[in-house]
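Next come the chains, spelled out residue by residue.
Protein chains: 2
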Amino acid sequence: MRPVAIVGAGMIPFGRRDDDNLMDLLAYASLNALDDAGLGDKGVDSVYVANMGAGMLNHQMSVASALVDRLSLMPAAAEAIENGPASGASAIKNGLLAVASGYYDVVLVVGGEKMRDVSGWRATDFVASMTHPTAEYIYGITLPGMAGMFTRLYMEKYGVTREHLVQVAIKNQEMGALNPYAHVESRITHEGIVDSWHSRVNNPPVADPLHLYDVCPVSDGAAAVILAPLDMAKKFKKTPVVIAGFGQATDTHSLQERQDPTDLKAVTLASQQALAMAKLTPSDISVAELHDAFTILEIAESEHVGFFPKGQGAQAVIDGKTKLGGQIPINVSGGLKARGHPVGATGVAQVVDLVWQLRHELPEGRQVKNAQTGLSVNFGGFGNNVVSFVLRRGE
Amino acid sequence: MRPVAIVGAGMIPFGRRDDDNLMDLLAYASLNALDDAGLGDKGVDSVYVANMGAGMLNHQMSVASALVDRLSLMPAAAEAIENGPASGASAIKNGLLAVASGYYDVVLVVGGEKMRDVSGWRATDFVASMTHPTAEYIYGITLPGMAGMFTRLYMEKYGVTREHLVQVAIKNQEMGALNPYAHVESRITHEGIVDSWHSRVNNPPVADPLHLYDVCPVSDGAAAVILAPLDMAKKFKKTPVVIAGFGQATDTHSLQERQDPTDLKAVTLASQQALAMAKLTPSDISVAELHDAFTILEIAESEHVGFFPKGQGAQAVIDGKTKLGGQIPINVSGGLKARGHPVGATGVAQVVDLVWQLRHELPEGRQVKNAQTGLSVNFGGFGNNVVSFVLRRGE
Chain A
36 MRPVAIVGAG
46 MIPFGRRDDD
56 NLMDLLAYAS
66 LNALDDAGLG
76 DKGVDSVYVA
86 NMGAGMLNHQ
96 MSVASALVDR
106 LSLMPAAAEA
116 IENGPASGAS
126 AIKNGLLAVA
136 SGYYDVVLVV
146 GGEKMRDVSG
156 WRATDFVASM
166 THPTAEYIYG
176 ITLPGMAGMF
186 TRLYMEKYGV
196 TREHLVQVAI
206 KNQEMGALNP
216 YAHVESRITH
226 EGIVDSWHSR
236 VNNPPVADPL
246 HLYDVCPVSD
256 GAAAVILAPL
266 DMAKKFKKTP
276 VVIAGFGQAT
286 DTHSLQERQD
296 PTDLKAVTLA
306 SQQALAMAKL
316 TPSDISVAEL
326 HDAFTILEIA
336 ESEHVGFFPK
346 GQGAQAVIDG
356 KTKLGGQIPI
366 NVSGGLKARG
376 HPVGATGVAQ
386 VVDLVWQLRH
396 ELPEGRQVKN
406 AQTGLSVNFG
416 GFGNNVVSFV
426 LRRGE
Chain C
36 MRPVAIVGAG
46 MIPFGRRDDD
56 NLMDLLAYAS
66 LNALDDAGLG
76 DKGVDSVYVA
86 NMGAGMLNHQ
96 MSVASALVDR
106 LSLMPAAAEA
116 IENGPASGAS
126 AIKNGLLAVA
136 SGYYDVVLVV
146 GGEKMRDVSG
156 WRATDFVASM
166 THPTAEYIYG
176 ITLPGMAGMF
186 TRLYMEKYGV
196 TREHLVQVAI
206 KNQEMGALNP
216 YAHVESRITH
226 EGIVDSWHSR
236 VNNPPVADPL
246 HLYDVCPVSD
256 GAAAVILAPL
266 DMAKKFKKTP
276 VVIAGFGQAT
286 DTHSLQERQD
296 PTDLKAVTLA
306 SQQALAMAKL
316 TPSDISVAEL
326 HDAFTILEIA
336 ESEHVGFFPK
346 GQGAQAVIDG
356 KTKLGGQIPI
366 NVSGGLKARG
376 HPVGATGVAQ
386 VVDLVWQLRH
396 ELPEGRQVKN
406 AQTGLSVNFG
416 GFGNNVVSFV
426 LRRGE
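Sequences listed follow chains A and C, in order. Every letter in the first sequence is one number past the one before it in the numbering used here, and letter 160, counting from 1, is 195. Every letter in the second sequence is one number past the one before it in the numbering used here, and letter 282, counting from 1, is 317.
Rather than coming from a laboratory, the hints here were simulated on the basis of the structure. For clarity, every value in this text was computed on a predicted model and none was experimentally measured. Using N, Cα and C, we set each Cβ at its ideal position, and we do this for glycine too. Check the hints yourself; a few may be wrong.
[As the list claims (entries may be wrong)] Okay, derived cross-link-like pairs now, PhoX-like style, lysine-lysine, Cα gap no bigger than 25 Å in a straight line:
hint : chain 1 : residue 1 : chain 2 : residue 2
1    : A       : Lys77     : C       : Lys77
2    : C       : Lys269    : A       : Lys300
3    : C       : Lys269    : C       : Lys300
4    : C       : Lys192    : C       : Lys269
5    : A       : Lys358    : A       : Lys345
6    : A       : Lys314    : A       : Lys192
[Stated by the list, open to error] Just a sample of chain C residues kept apart from chain A, beta carbon distances all over 12 Å, derived:
hint : residue
7    : Ala89
8    : Ala99
9    : Asp104
10   : Ala212
11   : Tyr216
12   : Ile223
13   : Lys300
14   : Leu315
15   : Asp319
16   : Arg394
[Unchecked claim] Listed next, the stretches of chain A that the computed footprint assigns to chain C, with coverage defined by at least 3 CB atoms under 8 Å from CB atoms of chain C:
hint : stretch
17   : 144-152
18   : 184-194
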């Protein structure tokens, strides 16, 4: 495999974007990444679009072909990649392998989702369409429902408490408030959350023991990266960021088939593969973006990746080890919790945020000092298809 | 790029498969390909699923992750690839690049579609969701409608007549009748079609000048291939088929933006790329599978690929040049017209049929004698994203 670098990165603010349709979101993020790389409408060989809901939510298919026309990139190749909430990382992976093969040089990968075209329950049902159709979906399970049960098991096994979860929410909303691309811009205070604990108004339960502030919002948004062979990276404007490692692993579709449902095997395996390929260990990582669709997932993933031993991720949050300036800053972007979770965009947005960190482009208060390496975990289904990257600042 | 071979191929009969859901179709075709390669549930590194309608037609997403579990291939990587009716070839392309990169060795690519879950007009509307949303879809255009207008223009420019189209239909249904995997199993006669020309019962108009027998059916079905590095191919049971060339090109999303709408630029470009990579010319090809979703497309593509000069493809059909035993046998499988067109399956099925031809496995009456090379054209949108392969019989 020839080494591959990220030579352009772009995003648009996540949130409610009532005036933009899906194609607008994809186009705006792509243009930001193309501009960032110093590319116009020439020189892109192939386009990968990460998306899950174009058909179900927006009644439009073949959006990758449509985007190539919208951006005047014809006759570039194009396809859409779907892997649920890990569609973004899966699309980057396919772009990576395409460049690594030597067949393509410059690849645009853009992830986007226009989720607010449908009402709240329809968005939840849309996401639930990735659960097992006969073992799970028909019984009315949703992703928040799964996360609630997972949280309860994690609490029982490892002594995680509501207080730990609250601290994740506070940390990520605090960082989100500093991120101009974040959906949730408001800070929350410990007092605010805890005081309203039994209130159905301020922080109502979503799926016990998870409340509103434990759950990512339903967002519109898009993010994009430009990939190129590392030996071409000097032709572009910005400091290249090398994709040093990559991993992907699947697990059982149905949660009930896992011997220990608190064991997110695919997270462990995918991140181990990515770290091994990069010849790094968890302690070598400067900054991480983990898939905190629910607060418990940030804690669980921080342990499964190996930043902390099993059962110690929750205390690490309380101790400030996952904050900016801590042992391993996690979700300095605000994470899915605050940046938002436009499903197809998320895996790309994680990588874009790491690229900005590794280029040292972020303002003080958001920049991890002298960040050299980054790790992302993009979590598909309920952990049944996980993709992880290790990125390294290039020369 | 390291050379890649197809070491396993499988299909299931296309048609109405009321007792099978989408996951069944994907699983059965995959198992046939795994068996054909002599693989069990070990040794597959990655799975690509080509599909367009899982969400819109079957209300299930993340089918690639689901399939990995269904086939006990965990922790293999998995994702779904969507490129409209060219999803199948796009998925093979991504599998090809993944193996060519050196990252994966053994990749399963399966394409499938369960279209008969919805009623007729919903299937047509589903397919129309890949037209331009504001320039085409909102005005009620469908793919048959586009094909009708395209046919009229082609008739005017090149003197194509109804008689030419009828001959394509007769040829492909004749071959389909011999193919145990074909949806349409009945032969049609010239007298039958022409006699019923004005009958709304036997051969009603669909989109003038196209009638029922000019249009592929709405089918359920799936097809699969196993890819591996050529230097590993001897480990498998069957004669390897090398992916000698590959091409892909996009064109304007909206038909009206093409200077000459009869010029299928993406077909020309994609097939030229594939032939150039294989270092072959059209006259070197033993057998071809072209995307005859409408009879006119077989004629138009046969010219755009370069089998015949522009304007001579129609006469070539009358002269028998595209029949088994002719100059270049096209759609010996029956094509989309008779084998059927389960959208995500088609591009994979084309390649499976070519693999069987190049292995010399088909019975007399279907086998192209001593076939050494094959070419496929998989046509996405209305020619706005076309993928072509050139295959070569290995040692």
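Item to check | Distance restraint between Lys77 of chain A and Lys77 of chain C, which requires alpha-carbon spacing of 25 Å or less | outcome: At roughly 43 Å apart (the allowed maximum being 25 Å), Lys77 of chain C and Lys77 of chain A break the hint.
Checklist entry - Under the criterion that the straight-line Cα-Cα distance not exceed 25 Å, is the pair Lys358 of chain A, Lys345 of chain A satisfied? => result holds (19 Å)
Checklist entry - Against chain A, does Ala99 of chain C keep a CB gap of more than 12 Å to every residue? => result The claim breaks: Ala99 of chain C does not keep its Cβ more than 12 Å from every Cβ of chain A (closest is about 7 Å).
Item to check | Pair hint outcome, Lys192 of chain C versus Lys269 of chain C [Cα-Cα no greater than 25 Å] | outcome: The hint is violated at about 50 Å.
Next on the checklist: If we take the beta carbon of Ile223 of chain C, is the closest beta carbon in chain A still more than 12 Å away?
Outcome noted: Fine: 32 Å to the nearest Cβ keeps Ile223 of chain C off the interface.
Checklist entry - Are the Cα positions of Lys314 of chain A and Lys192 of chain A separated by 25 Å at most? => result violated (32 Å)
Item to check | 12 Å Cβ clearance of Arg394 of chain C from chain A | outcome: The claim stands: Arg394 of chain C keeps its Cβ more than 12 Å from every Cβ of chain A (closest is about 26 Å).
Checklist entry - Asp319 of chain C clear of chain A by more than 12 Å, beta carbon to beta carbon? => result Asp319 of chain C is indeed farther than 12 Å from all Cβ atoms of chain A, at 22 Å.
Checklist entry - Does the stretch 144-152 of chain A contain three or more residues whose Cβ lies closer than 8 Å to a Cβ of chain C? => result That given contact is violated, which follows from only 0 residues of the stretch 144-152 of chain A lying within Cβ reach (below 8 Å) of chain C.
Checklist entry - Is Lys269 of chain C within 25 Å of Lys300 of chain C, Cα to Cα? => result Violated, at roughly 38 Å.
Checklist entry - Does the no-contact call for Asp104 of chain C survive, Cβ to all of chain A over 12 Å? => result violated (4 Å)
Item to check | Given pair status - Lys300 of chain A, Lys269 of chain C, alpha carbons within 25 Å | outcome: Violated, at about 34 Å.
Checked against the numbered hints given earlier, the structure breaks hints 1, 2, 3, 4, 6, 7, 8, 9, 13, 17, 18 and satisfies all the rest.
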